[in-house]
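All chains, full assembly: derive it from the sequences and hints.
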Amino acid sequence: MNRLTLIRTVVIVAFFGLLEILCRTGIISPFTMIPPSEMAVELWLLIASGEVARGMRQTLGNVAVACFFAITVGFAVGAGVHAVPRLRRALDPFLTTYYAVPFFVFYPLLVFIFGMNNFPMIMIGFLFAVVAMIINTLNGLDKIPRVYRKVARMHHMGRTKTALLIELPYAIPNLFTGVKLAVAYSFIGVIAAEFILAPGGLGYAISFAYDNFDNNTMYALMLFILVLVTIINMSLHAYERRLLRRQGR
Amino acid sequence: MAGTQATYSRKDHERAERLRYLGDIALVILGIVVVWQILHMLAGDVAISSPLATAIRAGELLGSANFWPHAGETAKALVYALVIALLIGIGVGTWLGAHKLSGAVAEPILVALYSLPKITLYPLILLIFGLGIEAKIAFGAIHGVIPVTIFTMNAVKNINRVFLRSARVMKLTTMQTVTRILLPATLPEIVSGLRVGFSLTLLGVVIGELFSSHRGMGFLVMRAIGLHDVSTMMAVTLILAVAAVAISSILLYIDNRLHRRT
Amino acid sequence: MSHEVHARLEGVTRVYPAVAGNPPVHALGPIDLDLRKGEFFSIVGPSGCGKSTCMDVLAGLAPPTKGTVWFEDKRVHGNVPDGIGAVFQEDASFPWLTVEDNAAFGLRRAGVDAAEIRRRVEYALSFMGLKDFAKAYPAQLSGGMRQRVCIARTLVLQPRLILLDEPFGALDAQTRLLMGDELLKLWRETGATVLLITHALDEAAMLSDRIGAMSARPGRFLETVETGWSRDRDSRMLEGETFGHITGRLWQMLRSESKRAMGHEGGVA
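Listed in order, the protein sequences are those of chains A, B and C.
When you read off a place in the first sequence, starting at 1, and then add 334, the result is the number in the numbering used here.
When you read off a place in the second sequence, starting at 1, and then add 1, the result is the number in the numbering used here.
Position 256 of the third sequence, counting from 1, maps to 245 under the numbering used here, and the rest follow consecutively.
If you're looking for bench data, these hints aren't it; they were derived computationally from the structure.
Ideal Cβ placement from N, Cα and C applies to all residues, glycine included.
It cannot be assumed that every hint is accurate.
As the list claims (entries may be wrong) - Below, a sample of chain B positions facing chain A; criterion: calculated Cβ distance under 10 Å:
#: 1; residue: R21
#: 2; residue: V36
#: 3; residue: L53
#: 4; residue: I57
#: 5; residue: P109
#: 6; residue: S116
#: 7; residue: V207
#: 8; residue: R216
#: 9; residue: G219
#: 10; residue: A225
#: 11; residue: V231
#: 12; residue: T238
#: 13; residue: V246
#: 14; residue: L252
#: 15; residue: I255
#: 16; residue: L259
Have a look at this one:
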C-alpha cells in the first residue's frame, strides 16, 4: 500500500516536473502554458489579494446548494420509485440514458428564463447531480438481501423500523457513493455553467482571464480548482472505500 | 398436456407484460410532454416554447439546408473524439488491467480525473488547438477516454483466469487466445465503457461548442439565445437530446444483451 | 414415555399463487408434525422440496394456505410468536454493527436494561467462541464466524424454539462438523427445542433425535426416523456403525425423490 502511494507520488511529481522542464525550455511556449511553479506563485499572490476567496465563496455556495438538493431530492425520489416496481421499470431506460443528454445545452435556456444570477447555475448543478443520487439510491436498496427482512420480522419490527434500523444502514455505503458522485457532479455542473455564462465565480474568473489573455491568472485559478476539487473528491472517495470495506464489499 | 398449456399461457403473459411495459414508457414520455406544456403555459412563449411549437420548429430545422452543416460538424467532432477515446482507452486500459502494479498505481488517479470539472482545462485546449474543430475533438476525447480506460482496465483485470488456463490446455496460439478468449470475455464491459464514453464525449463536444465556437449544434443554441429565438434554441436542444437518447438506447440494448450472455 | 408437544403443524399446505403466467406452485404438504418439547428435530429432503417453506410457516413468516400451526398452545398464522428464534442459510449478520452490537440487537429492540444486555451478550459471545471478536465487524470474520454471530444474536433472546434453515450450508464440510458439535452443546445448555432444516444427510443423522425425510415437491413426510442417540452426543459418533445405518436408511428413502427433484428443476428453471 505504502509502496503504491510512493510510486503514485513519484509519477505525479514526474508529470509536473516534465511540464516544468518543457515550459522552461520553451518547448511549450509561454503563450500556451506557464510553468507549474509559476502557476503556484501566481496562485499564492491571488489568494493573498483575496480575489480567490470571493469567487470561491460564490462557487462553493452554489455547489453546496445544488448538492444539498440533489442529495435530498435524489434520495427521496429513489426511495419512492423503488417502492413502486412498475414505475421503476418504466423509468429505468430514462435513468440510464439520462447522462447521454448533454445537459449544458439547457443552460442558456435557463439563463434566458431566470436571468443572469445564481439560480440557473444551481439548477444545472442540481440536474447534473440528482440522477446519480437517484440511481445509487435504487442500487443500494436493490442490494439489500431478502433475508434481512426475514430477520426484521423475527424481531417483531414493523415497516418503519425495518427501514430505519436495517435497510437504511445496509444501504449506507451505496447511498454514500451517490453522495460522492452528487458532490463531484455538482462541481462539474456549476463550474461549467460559470464558465459558459455567469455573473461570477471561479469558472467565470477563468473564462474572463482567458478572454483577456491573462494566462497567469487563468493558470493559477485552474490549478486552484483542480487541486481543490481533487482534495474534496478524494476525501469522499477514501471515506467511501472505508465504508465499503467495513461492510465487506 | 398440462405442461404445454402452461407454456402457452406464459408466452401470452410475457407478451402482455411487454405491452404493458411499453405502455408505461409511453406514459412516462407523455408525462414529460405534459410537464413541459404546463411549464410553457406558466412561463409563456417568451421563455419556453410549447412542445408542439418546438416540434414544428425542429421539423423545419431538419428540413432546412442551413441546419445540416452544423449537425454534421457536431457529429464529425463526436465520431473523431470517440474513435480517439476508444483507441487510447482500450490500449491503456488493457495495459493497466494486465499489469497489476501499473493498474494499482493508476486507478486512484483515473478516479480523480474522472470526477474533475474538465471544463477548467478548456482554455488550455483552445490555446493548443485553436478555435477549430480540433479543440472540440480533443475536449470530447478527454472526456470519453477515462471511462473507456476504467471499464477496459476492470474487464481485463477481472477476466476469469480459468479461461486463460483453458486456452493453454487447448493449446491455442496467442492470436487465437486474444480473438477467441480475451476479446469475447471483455467485450461486454468494453461496450459498457463505450456507452458511458459516448455520453461524456458528446458532453465534451457540446460544451466545447457552447464556448468560443462558430459551428455545430452547441453554437446554434448560443446564437439562438443571442437572438432571443426561444423556439430555435429549444428545437436544437430537443434534436440533440433525442439523438443522444436514441444512440445511447441502442448501445444500452447491445450492452444488456452482451451482459445477459455472461 | 409421554412427550409434551411444543409446536404442531396440522394438515399444513402452502401454495404460492400464480406469478408471471406461471401456474401456482404447490410447495408444501399437506403435512402433520409434532415437535416434542426439548427435542432436536431435523428435516431432510431434496432441493426445492419445501423445507424452507415449512420453516417459514412455523416461524410465522408465511401463513399456511391450509391447515393450522400451533406453538405453545397458541395459533401461529403469519405472525411471528414470542419465543421463536431463527437462523437462516444466508449470512444475515449486520455488517454495520460490531459483533457485540449485533448480538445485542434484539435485546435493545425489546428494551431490556443495559446491565442485563451486557450479561446476556457476554455469555452468548463466550459460548459461541466470539469473545475475542466482540469489537470486530462481521466483514473481518470468516463465514463460519459470521454464522455464529447470527446464532448468538438469536441466543440472547433465550428462544424456546430455535429454527435453523441450513445455517451451515455455505460452510466447508469440516467446519460444518465442528459447528454441529457447538450446536449440540447449545441445545443441551439451553434446553430449547431445535428444528434444523438441512440437505446434508450426515448432518441430520449426527445431530438429531428424530429426522423427518421429505419428498420432492410438494414436500410431505415420507417417514420419521428415530436415532436413539444419548443427549451428550458429539461428532465422534461418525465412527460408529449406527451412524452409517441411519444415513443409509435416509438415502434409501430420498434417492428416488432427489432424482425426481433434479428432473423437476431441469424442467422448470
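Now the hints, each set against the structure:
Here the hint on R21 of chain B is kept, as its CB sits about 8 Å from the closest CB of chain A, short of 10 Å. Taking 10 Å as the C-beta cut-off, the interface hint given for V36 of chain B is violated, the closest approach to chain A being about 13 Å. Below 10 Å, beta-carbon pairs count as interface contacts, and L53 of chain B has none with chain A, the closest being about 18 Å; its hint is therefore violated. Taking 10 Å as the C-beta contact cut-off toward chain A, the hint placing I57 of chain B at the interface is violated, the least distance being around 18 Å.
Evaluation of the P109 of chain B hint against chain A yields a held restraint, the C-beta minimum of about 7 Å falling below 10 Å. Using the Cβ-Cβ criterion of 10 Å, the hint placing S116 of chain B at the interface with chain A is satisfied: the shortest such distance is roughly 4 Å. The interface hint given for V207 of chain B is met, as the beta carbon of that residue sits about 4 Å from the closest beta carbon of chain A, less than 10 Å. Taken as an interface hint, R216 of chain B does not check out: its beta carbon lies about 15 Å from the nearest beta carbon of chain A, beyond 10 Å.
A cut of 10 Å between beta carbons decides the hint on G219 of chain B: the least distance to chain A is about 7 Å, and the hint holds. The closest approach between the C-beta of A225 of chain B and any C-beta of chain A is roughly 8 Å, which is under the 10 Å cut-off, so the hint is satisfied. Hint status for V231 of chain B relative to chain A: holds, with the closest Cβ pair at about 7 Å, below 10 Å. Taking 10 Å as the C-beta cut-off, the interface hint given for T238 of chain B holds, the closest approach to chain A being about 5 Å.
The restraint placing V246 of chain B at the interface with chain A holds, with a minimum CB-CB distance near 5 Å, inside the 10 Å limit. Hint status for L252 of chain B: holds, given a least beta-carbon distance of 9 Å to chain A, under 10 Å. Taking 10 Å as the C-beta contact cut-off toward chain A, the hint placing I255 of chain B at the interface is violated, the least distance being around 13 Å. Residue-level restraint check for L259 of chain B is violated (minimum Cβ-Cβ distance to chain A is 15 Å; threshold 10 Å).
Consistency with the previously given hints fails for numbers 2, 3, 4, 8, 15, 16, ordered from lowest to highest.
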